[in-house]
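> The task is simple: from the sequences and hints, build the whole structure.
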Amino acid sequence: VVSIQDPSETQLTYEYQRGRLTGLTDGEGYKTTYRYDSNGRLNELIDPMNRPFAKTTYDAQGRMTSTTNRDGRVIHYEHSPSNQQQIIEDANGGITVLEFDSEGNLVRETDALGGVTEREFDLSGNETLTRDPLGREIRRTFDAVGRVISGVDASGATTRLTYDFQGNLLSETSPLGATVRYEYDARGNLIKKIESDGTISIRRTIDERGNVIQESNALGQRTIQEFDSLGRPVAIVDPLGNRVELQRGADGVPTERIDGLGNRTQFTVDRRGLITAIRGPDGKTVNREFNPIGKNTVASNGHGSPIQYEVNADGRETHFSDALGNTRERIYDLAGNLISIVDPHGRVTHHQYDALGRRIKTTHPDGSFITMAYDAVGNLVEKTDELGFKTQFQYDANDRPVRTVDPLGRITTQQYDLLGRLVAVTDPAGRVTRYVYDARDNLTETQFPDGTRRTFVYDDLDSPC
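Residue numbering for the sequence shown follows the numbering used here, beginning at 6 and increasing consecutively.
It should be emphasised that the hints constitute simulated quantities derived from the structure, not laboratory data. None of the values given here were measured: they were computed from a predicted structure. Hints are not guaranteed to be accurate.
Straight-line C-alpha distance at most 20 Å; calculated DMTMM-like pairs for lysine to aspartate or glutamate [to be verified]:
1) LYS198 x GLU387
2) LYS366 x GLU387
3) LYS198 x ASP464
Derived CB-CB ranges, DEER-like [as the list claims (entries may be wrong)]:
4) GLY320 x ASP212: 33 to 43 Å
5) LEU103 x SER345: 39 to 49 Å
6) GLU188 x VAL157: 26 to 36 Å
7) THR409 x ILE312: 39 to 49 Å
8) ILE196 x ARG56: 45 to 55 Å
Beta carbons are placed, not taken as given, at the ideal position from N, Cα and C, and that holds for glycine.
Printed below as a string of structure tokens:
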């Protein structure tokens, strides 16, 4: 294939050398270049702005030894002779160690702070156990073809799944025994979802192309969709009869949206499929400009006033200016973490991160700061505010907050059921607020410490009545 042209005459052009792709030019004429090493391995991409997009090096065995991105951030890889261990050094010097079994399964991962995640696999290569850095375990069992049929979370709650002979999910039974069922047509399209209380919450009609042309909810309210000959949506009618149409150009890209009142929103799209202008029903137009790699760099606000962006080679915003000349600057570290923000008045906010990329300190322009500390799996366990006051947090086996200690030592606790729903909150005075749910997880009652209650009623769509 040397070129592809769609009905709108937008053309993609391909270049080759010795059977390998060396260039791709898009519809706007922007070219991406591909380069290879002497062994025919792709080792460098040059973006349309003539900047290295990605560069890869390999060892004599063909194993990747480094990658370099647009911003020059380098990640190094070191391999053991047996290929059962890989050491990864990120752009900030953080070390991650991966260990593999003889089948190539990742069985142990040690992060840059020493946290260890372990995995166990069955003879078919299915991951049957995951043990996180806190020692908590998630277990799974599989059927003969590798489908998960049960899962036990870190708290011991079990979810069970069944399938039909085509591999479609037939039922899902929660830890409390509530079962949701699914039905399919002969082609495997979902046509019905039956809640645990017997309510049919989804009922679908599917055409011969597999498009959902009608869907009804638990109240029998219908949403209708229309498609063109290529299976692309062109209209939708909601349960109230409101019709929205979508017009497309020769290339299939949407060019106009017409709502039920006849209001028209028009889109101008370039040859890359990027929306460069939106004209609303009020006649106001929002214009957007993109750089050669497809990043939005200029936008109007609908009144012609421009907003300008500058992005770095990796696509992250570095400078912003609005119609009034107000500017904002963002600075990143080698790993791509946002480390400084300069506001329109030149005031600087600094951020610091740990080896896992978690923000541990924010320093405000006036010199005051807050700090954060985390557990081995990334939960925030302590936050110290600008005055030095500390708030501490504890979590259960499923990372749900269960205990908060404020700067005065006052304790608030939370309790959850097997489905992870909040069922009780105890405030620092020991007063308990309880929560009750129905079989479909709707909150039906709040019981306050003074004995009063507030009840909630829902329709078949789970909307409050």
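> In ascending order, which of the hints set out earlier in this document are inconsistent with the structure?
Structure breaks hints 1, 5.
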